[in-house]
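K.L.:
Residue-level listing of the chains:
Protein chains: 2
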Amino acid sequence: MTPIHPVLLAGGSGTRLWPLSRKSYPKQFAQLTGPESLFQASARRLSGPGFAAPLVITAEPFRFIATEQLAGVEQAAQTVLIEPEGRNTAPAVLAAALWLAEREPEALVLAAPSDHVMPEPEAFRAAVAAAAPRAAEGALVTFGIAPTRAETGYGYLELAPEAEAGAETPQPLARFVEKPDAARAAEMAASGRHLWNAGIFLARADALRDAYARHAPEVLEGVAAALAGAEADLGFTRLSPEPWATLPDISIDYAVMEKAEDLAVMSYAGRWSDLGGWDAVWQEAGPDADGTVAGDGATAIDCRDTLLRAESGGQRIVGLGLEDIVAVAMPDAVLVAKKSEAQRVKEAVAALKAEGAAQAVQLPVDHRPWGSFESLVTGPRFQVKRIVVKPGAALSLQSHHHRAEHWIVVEGTAKVTIDDATQLVSENQSVYVPLGAVHRLENPGKLDVVLIEVQTGAYLGEDDITRYEDVYRRG
Amino acid sequence: MTPIHPVLLAGGSGTRLWPLSRKSYPKQFAQLTGPESLFQASARRLSGPGFAAPLVITAEPFRFIATEQLAGVEQAAQTVLIEPEGRNTAPAVLAAALWLAEREPEALVLAAPSDHVMPEPEAFRAAVAAAAPRAAEGALVTFGIAPTRAETGYGYLELAPEAEAGAETPQPLARFVEKPDAARAAEMAASGRHLWNAGIFLARADALRDAYARHAPEVLEGVAAALAGAEADLGFTRLSPEPWATLPDISIDYAVMEKAEDLAVMSYAGRWSDLGGWDAVWQEAGPDADGTVAGDGATAIDCRDTLLRAESGGQRIVGLGLEDIVAVAMPDAVLVAKKSEAQRVKEAVAALKAEGAAQAVQLPVDHRPWGSFESLVTGPRFQVKRIVVKPGAALSLQSHHHRAEHWIVVEGTAKVTIDDATQLVSENQSVYVPLGAVHRLENPGKLDVVLIEVQTGAYLGEDDITRYEDVYRRG
Numbered sequence: 001m002t003p004i005h006p007v008l009l010a011g012g013s014g015t016r017l018w019p020l021s022r023k024s025y026p027k028q029f030a031q032l033t034g035p036e037s038l039f040q041a042s043a044r045r046l047s048g049p050g051f052a053a054p055l056v057i058t059a060e061p062f063r064f065i066a067t068e069q070l071a072g073v074e075q076a077a078q079t080v081l082i083e084p085e086g087r088n089t090a091p092a093v094l095a096a097a098l099w100l101a102e103r104e105p106e107a108l109v110l111a112a113p114s115d116h117v118m119p120e121p122e123a124f125r126a127a128v129a130a131a132a133p134r135a136a137e138g139a140l141v142t143f144g145i146a147p148t149r150a151e152t153g154y155g156y157l158e159l160a161p162e163a164e165a166g167a168e169t170p171q172p173l174a175r176f177v178e179k180p181d182a183a184r185a186a187e188m189a190a191s192g193r194h195l196w197n198a199g200i201f202l203a204r205a206d207a208l209r210d211a212y213a214r215h216a217p218e219v220l221e222g223v224a225a226a227l228a229g230a231e232a233d234l235g236f237t238r239l240s241p242e243p244w245a246t247l248p249d250i251s252i253d254y255a256v257m258e259k260a261e262d263l264a265v266m267s268y269a270g271r272w273s274d275l276g277g278w279d280a281v282w283q284e285a286g287p288d289a290d291g292t293v294a295g296d297g298a299t300a301i302d303c304r305d306t307l308l309r310a311e312s313g314g315q316r317i318v319g320l321g322l323e324d325i326v327a328v329a330m331p332d333a334v335l336v337a338k339k340s341e342a343q344r345v346k347e348a349v350a351a352l353k354a355e356g357a358a359q360a361v362q363l364p365v366d367h368r369p370w371g372s373f374e375s376l377v378t379g380p381r382f383q384v385k386r387i388v389v390k391p392g393a394a395l396s397l398q399s400h401h402h403r404a405e406h407w408i409v410v411e412g413t414a415k416v417t418i419d420d421a422t423q424l425v426s427e428n429q430s431v432y433v434p435l436g437a438v439h440r441l442e443n444p445g446k447l448d449v450v451l452i453e454v455q456t457g458a459y460l461g462e463d464d465i466t467r468y469e470d471v472y473r474r475g
Numbered sequence: 001m002t003p004i005h006p007v008l009l010a011g012g013s014g015t016r017l018w019p020l021s022r023k024s025y026p027k028q029f030a031q032l033t034g035p036e037s038l039f040q041a042s043a044r045r046l047s048g049p050g051f052a053a054p055l056v057i058t059a060e061p062f063r064f065i066a067t068e069q070l071a072g073v074e075q076a077a078q079t080v081l082i083e084p085e086g087r088n089t090a091p092a093v094l095a096a097a098l099w100l101a102e103r104e105p106e107a108l109v110l111a112a113p114s115d116h117v118m119p120e121p122e123a124f125r126a127a128v129a130a131a132a133p134r135a136a137e138g139a140l141v142t143f144g145i146a147p148t149r150a151e152t153g154y155g156y157l158e159l160a161p162e163a164e165a166g167a168e169t170p171q172p173l174a175r176f177v178e179k180p181d182a183a184r185a186a187e188m189a190a191s192g193r194h195l196w197n198a199g200i201f202l203a204r205a206d207a208l209r210d211a212y213a214r215h216a217p218e219v220l221e222g223v224a225a226a227l228a229g230a231e232a233d234l235g236f237t238r239l240s241p242e243p244w245a246t247l248p249d250i251s252i253d254y255a256v257m258e259k260a261e262d263l264a265v266m267s268y269a270g271r272w273s274d275l276g277g278w279d280a281v282w283q284e285a286g287p288d289a290d291g292t293v294a295g296d297g298a299t300a301i302d303c304r305d306t307l308l309r310a311e312s313g314g315q316r317i318v319g320l321g322l323e324d325i326v327a328v329a330m331p332d333a334v335l336v337a338k339k340s341e342a343q344r345v346k347e348a349v350a351a352l353k354a355e356g357a358a359q360a361v362q363l364p365v366d367h368r369p370w371g372s373f374e375s376l377v378t379g380p381r382f383q384v385k386r387i388v389v390k391p392g393a394a395l396s397l398q399s400h401h402h403r404a405e406h407w408i409v410v411e412g413t414a415k416v417t418i419d420d421a422t423q424l425v426s427e428n429q430s431v432y433v434p435l436g437a438v439h440r441l442e443n444p445g446k447l448d449v450v451l452i453e454v455q456t457g458a459y460l461g462e463d464d465i466t467r468y469e470d471v472y473r474r475g
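Taken in order, these protein sequences are the chains called A and B. Following full-length UniProt numbering from start to finish, the first sequence increments by one per residue and tops out at 475. Following full-length UniProt numbering from start to finish, the second sequence increments by one per residue and tops out at 475.
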């Protein structure tokens with residue numbers, strides 16, 4: 001059989017799981033349900049026999065997070081498509097489908113959000129395999145989740161009258177149903193003929209292209225132009241911004257699926273959640289008899305219907321006498337919310353943004369193409385950072401006008417260039433970079449380099465940097 | 001008039017304000033109500049014209065915190081009495097009274113807890129001045145707070161029938177009343193003849209000694225022996241442990257006051273709170289119209305009857321849709337509790353202690369006689385600390401078996417001795433202390449020295465230290 005090409009949709013930047021998920025490091029990349037991110041779990045779910053390497057579509061600031069996280073699960077993308085700006089799923093899915101159609105028109109595309117949880121990957125791969133023959137015939141196959149409660153937060157898929165409920169093959173789809181009210185949700189959940197719309201599609205690349213041509217020709221035209229003008233850059237496919245800017249902000253459901261002819265739905269009875277808020281995270285984590293979820297570092301005393309999380313290794317959180325509460329602690333930001341109002345977390349983010357608090361959008365750890373850095377402490381004329389440089393990576397050749405830097409290597413071996421001299425600096429050695437010196441930090445080894453940087457000077461902003469050479473082509 | 005000698009009782013180590021107050025840094029030294037600690041505010045309240053320098057009585061681990069905090073409000077103690085172990089207020093007050101009686105038998109002693117809040121210091125000093133003449137005549141004058149609510153958490157003082165309620169001079173006291181039930185509290189709060197017992201006493205040193213001699217001779221004997229055997233040590237009076245260990249654990253109320261003859265009570269109508277829990281802190285902070293208190297770094301959205309605190313400069317906390325909640329965030333520990341059950345915080349501390357969590361008893365900042373240090377980050381074979389050395393202070397001459405240290409000075413100028421060489425290291429300079437080297441760090445200047453220490457090695461525990469010389473006489 002022809003392999004299935006996973007398309008991981010990873011451009012979203014929602015705020016409903018703040019403070020763990022922030023604009024600078026959104027939900028799909030966060031470790032919400034275990035040591036793997038949702039993105040990593042998605043990539044692993046759609047891998048193995050029968051699957052090609054994934055395509056990823058994401059936004060500019062997340063491109064290195066995506067490749068780094070794929071590497072963390074021993075994968076590499078066929079390409080990472082970079083959206084110049086978010087335009088919902090219709091343009092994103094099509095961009096990946098067209099990229100594949102150019103290479104193999106009948107390639108099977110499995111487009112899936114990368115920020116959902118499906119804790120039974122084998123069962124889902126079996127469902128995908130069962131759906132593949134219908135997709136290979138040219139149908140657009142969508143996946144529907146057997147509902148376990150009368151949920152008003154999801155859209156539904158209604159089976160056609162002739163469909164066999166719970167069949168192990170794709171069945172005809174009657175229609176897409178919008179998020180319902182409580183009465184209608186109860187009706188549908190009990191009907192046996194309605195499924196939750198998980199936003200996952202399987203189709204041939206050319207069938208998708210043809211469906212857009214019939215139902216959304218303006219999207220096809222814009223995406224085709226953005227792909228034609230795309231720039232290939234270090235394994236990334238940077239879509240052309242000008243045609244992209246003309247595209248409507250529209251979901252693939254609205255643009256294409258609801259109007260398409262040869263539609264089928266594959267029923268999936270395994271566990272699934274879109275983790276659309278802390279209440280969903282609580283539910284998915286499996287509350288104990290009191291309805292309480294207390295993860296590592298969390299202690300619940302006499303709590304009911306409560307979620308307690310401490311996101312940082314050394315941190316502790318204690319809940320005492322709580323009911324219907326979500327509390328999520330990070331070293332720089334803490335959320336305490338009524339759980340039944342957890343959907344309002346975006347109000348918290350908006351309030352912090354209005355106050356100019358960095359925590360509204362940024363995590364303490366800053367991810368860069370070469371690794372990451374984290375500010376440990378800031379004083380009047382100094383700052384201490386922990387810097388991690390990936391094997392083979394290099395920071396730009398640079399200098400600073402206002403600060404000197406002391407580097408102490410605590411793990412690995414760094415190659416350090418200061419003006420005309422280059423030296424290896426290994427664990428427990430230090431080096432001094434005077435103000436104004438042109439310098440570069442590289443990791444020539446096979447293990448991460450971890451170093452402690454102590455900056456001293458009158459101005460310590462990230463923008464005091466003059467770059468002379470940068471393998472990552474930054475300004 | 002003879003000056004009044006404040007005796008600040010600062011040995012307590014309660015846990016009801018965890019995580020801000022911990023066993024290693026208890027409530028009286030924490031910044032609960034502003035930039036000054038309660039201890040500092042107490043010292044300033046009992047200073048100025050008419051007051052001698054204070055006596056402090058505290059426990060061994062807090063002695064340098066006490067002297068450092070006094071210095072912070074430009075005070076120095078006559079002496080700091082060190083209790084070998086906590087024995088409640090009867091022995092503590094008497095130890096100070098006897099220390100004074102040896103020097104000036106008729107000295108007026110004002111004994112007061114240092115962990116209460118009285119935000120109107122001038123009014124209280126006026127009450128003390130008004131009470132002084134009766135105390136100088138030999139009476140034991142206690143201070144009673146005019147009740148503002150039917151509080152069941154405090155003991156009460158009942159005016160004698162002949163007393164004039166609300167008088168501006170001390171009045172005869174009928175008796176001490178234990179913490180009442182709700183009905184009795186309501187009755188007393190409304191009576192106009194009952195006051196809250198604030199645990200503050202004014203008396204002549206010899207009158208106190210004589211009262212103990214009559215009513216608690218075993219306490220007098222033990223304390224006198226502990227003082228006779230005391231060791232004077234760098235401005236501290238270290239009471240002799242053996243007689244101290246024989247003393248009963250008893251309050252001055254029970255041991256002496258309730259039985260004494262010449263008792264008077266001075267009524268005080270100003271604000272007072274013992275800040276006996278987070279609910280009291282909430283009340284004292286002045287809730288807004290919704291009953292909410294959100295300090296610096298805290299954002300309340302649609303909250304009622306809620307206290308939100310972020311204790312660290314850079315940290316943020318957001319409350320959303322909360323009611324009757326206390327949430328206190330520190331970088332290493334967070335408490336979220338139902339406010340009306342805030343008295344149960346000790347259960348949280350006990351649970352953490354049972355789990356072996358350092359946060360149960362220790363703050364991230366560790367205070368030492370020479371200054372303080374704080375662990376910023378710990379890795380597999382390294383640790384980064386911020387170290388502050390006070391002007392004129394010196395760490396012990398020491399060496400380590402298992403770690404090397406890099407020091408980068410970021411503020412001030414340090415004097416560093418490594419083996420036989422001594423050098424000055426100033427801002428933006430660094431120095432390396434190899435494994436095994438005998439070294440000393442001193443601050444010869446007039447400003448704090450702040451340095452970043454990066455330790456590397458296989459074992460980084462505090463106990464890997466061999467001390468050769470120590471001006472603070474530690475082992």
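Read the hints as simulated data drawn from the structure, not as lab findings. Ideal Cβ positions, reconstructed from N, Cα and C, are used throughout, including at glycine. Mixed in with the good hints, there may be bad ones.
Below, a list of computed lysine-lysine pairs in the DSSO-like style, where the Cα atoms sit at most 30 Å apart [said to hold, decoys possible]:
{"id": "1", "chain 1": "A", "residue 1": "K415", "chain 2": "A", "residue 2": "K346"}
{"id": "2", "chain 1": "B", "residue 1": "K179", "chain 2": "A", "residue 2": "K415"}
{"id": "3", "chain 1": "A", "residue 1": "K385", "chain 2": "B", "residue 2": "K346"}
{"id": "4", "chain 1": "A", "residue 1": "K338", "chain 2": "B", "residue 2": "K179"}
{"id": "5", "chain 1": "A", "residue 1": "K385", "chain 2": "A", "residue 2": "K259"}
{"id": "6", "chain 1": "A", "residue 1": "K179", "chain 2": "A", "residue 2": "K346"}
{"id": "7", "chain 1": "B", "residue 1": "K415", "chain 2": "B", "residue 2": "K390"}
{"id": "8", "chain 1": "A", "residue 1": "K353", "chain 2": "A", "residue 2": "K338"}
{"id": "9", "chain 1": "A", "residue 1": "K23", "chain 2": "A", "residue 2": "K353"}
{"id": "10", "chain 1": "B", "residue 1": "K23", "chain 2": "B", "residue 2": "K179"}
{"id": "11", "chain 1": "B", "residue 1": "K346", "chain 2": "B", "residue 2": "K179"}
{"id": "12", "chain 1": "B", "residue 1": "K390", "chain 2": "B", "residue 2": "K346"}
{"id": "13", "chain 1": "A", "residue 1": "K179", "chain 2": "A", "residue 2": "K385"}
{"id": "14", "chain 1": "A", "residue 1": "K346", "chain 2": "B", "residue 2": "K338"}
{"id": "15", "chain 1": "B", "residue 1": "K23", "chain 2": "B", "residue 2": "K346"}
{"id": "16", "chain 1": "A", "residue 1": "K385", "chain 2": "A", "residue 2": "K23"}
{"id": "17", "chain 1": "A", "residue 1": "K338", "chain 2": "A", "residue 2": "K385"}
{"id": "18", "chain 1": "A", "residue 1": "K338", "chain 2": "B", "residue 2": "K353"}
{"id": "19", "chain 1": "A", "residue 1": "K390", "chain 2": "A", "residue 2": "K346"}
{"id": "20", "chain 1": "B", "residue 1": "K346", "chain 2": "A", "residue 2": "K338"}
{"id": "21", "chain 1": "B", "residue 1": "K385", "chain 2": "B", "residue 2": "K23"}
{"id": "22", "chain 1": "B", "residue 1": "K353", "chain 2": "B", "residue 2": "K338"}
{"id": "23", "chain 1": "A", "residue 1": "K23", "chain 2": "A", "residue 2": "K390"}
{"id": "24", "chain 1": "B", "residue 1": "K390", "chain 2": "A", "residue 2": "K385"}
{"id": "25", "chain 1": "A", "residue 1": "K23", "chain 2": "A", "residue 2": "K259"}
{"id": "26", "chain 1": "A", "residue 1": "K259", "chain 2": "A", "residue 2": "K353"}
{"id": "27", "chain 1": "A", "residue 1": "K385", "chain 2": "B", "residue 2": "K338"}
{"id": "28", "chain 1": "B", "residue 1": "K385", "chain 2": "A", "residue 2": "K385"}
{"id": "29", "chain 1": "A", "residue 1": "K415", "chain 2": "A", "residue 2": "K390"}
{"id": "30", "chain 1": "A", "residue 1": "K415", "chain 2": "A", "residue 2": "K446"}
{"id": "31", "chain 1": "B", "residue 1": "K338", "chain 2": "A", "residue 2": "K353"}
{"id": "32", "chain 1": "B", "residue 1": "K385", "chain 2": "B", "residue 2": "K353"}
{"id": "33", "chain 1": "B", "residue 1": "K385", "chain 2": "A", "residue 2": "K446"}
{"id": "34", "chain 1": "A", "residue 1": "K390", "chain 2": "B", "residue 2": "K346"}
Sample of chain B residues at the chain A side, in silico, Cβ under 7 Å [unchecked claim]:
{"id": "35", "residue": "G412"}
{"id": "36", "residue": "T413"}
{"id": "37", "residue": "A458"}
K.L.:
Now, for every hint given, state plainly whether the structure supports it.
P.N.:
Now the hints, each set against the structure:
1. K415/A <-> K346/A: This hinted pair is violated, its Cα atoms lying about 44 Å apart.
2. K179/B <-> K415/A: Roughly 70 Å between the alpha carbons, so the hint for K179/B and K415/A is violated.
3. K385/A <-> K346/B: violated, 36 Å
4. K338/A <-> K179/B: violated, 35 Å
5. K385/A <-> K259/A: violated, 53 Å
6. K179/A <-> K346/A: Measuring from Cα to Cα gives roughly 20 Å; hence the hint holds.
7. K415/B <-> K390/B: This hinted pair holds, its Cα atoms lying about 12 Å apart.
8. K353/A <-> K338/A: holds, 21 Å
9. K23/A <-> K353/A: Holds - the C-alpha atoms of K353/A and K23/A are around 11 Å apart, at most 30 Å.
10. K23/B <-> K179/B: Holds: K23/B and K179/B sit about 26 Å apart, inside 30 Å.
11. K346/B <-> K179/B: holds, 20 Å
12. K390/B <-> K346/B: This hinted pair is violated, its Cα atoms lying about 34 Å apart.
13. K179/A <-> K385/A: violated, 46 Å
14. K346/A <-> K338/B: It holds: about 24 Å lies between the C-alpha atoms, which stays within 30 Å.
15. K23/B <-> K346/B: holds, 11 Å
16. K385/A <-> K23/A: holds, 22 Å
17. K338/A <-> K385/A: violated, 35 Å
18. K338/A <-> K353/B: holds, 28 Å
19. K390/A <-> K346/A: violated, 34 Å
20. K346/B <-> K338/A: Since the Cα atoms of K346/B and K338/A sit roughly 24 Å apart, the hinted pair holds (cutoff 30 Å).
21. K385/B <-> K23/B: Status holds; Cα separation ~22 Å.
22. K353/B <-> K338/B: holds, 21 Å
23. K23/A <-> K390/A: Within the cut-off at roughly 24 Å; holds.
24. K390/B <-> K385/A: Holds: K390/B and K385/A sit about 25 Å apart, inside 30 Å.
25. K23/A <-> K259/A: With a Cα-Cα distance of about 33 Å, the restraint between K23/A and K259/A is violated, given a limit of 30 Å.
26. K259/A <-> K353/A: violated, 40 Å
27. K385/A <-> K338/B: violated, 37 Å
28. K385/B <-> K385/A: holds, 12 Å
29. K415/A <-> K390/A: holds, 12 Å
30. K415/A <-> K446/A: Distance ~13 Å between K415/A and K446/A Cα, so the pair holds.
31. K338/B <-> K353/A: holds, 28 Å
32. K385/B <-> K353/B: Cα-Cα ~24 Å, so holds.
33. K385/B <-> K446/A: At roughly 28 Å apart (the allowed maximum being 30 Å), K446/A and K385/B satisfy the hint.
34. K390/A <-> K346/B: Outside the cut-off at roughly 45 Å; violated.
35. G412: Since the shortest Cβ distance to chain A is 11 Å, the answer is violated.
36. T413: violated, 14 Å
37. A458: Result: violated, 11 Å to nearest chain A Cβ.
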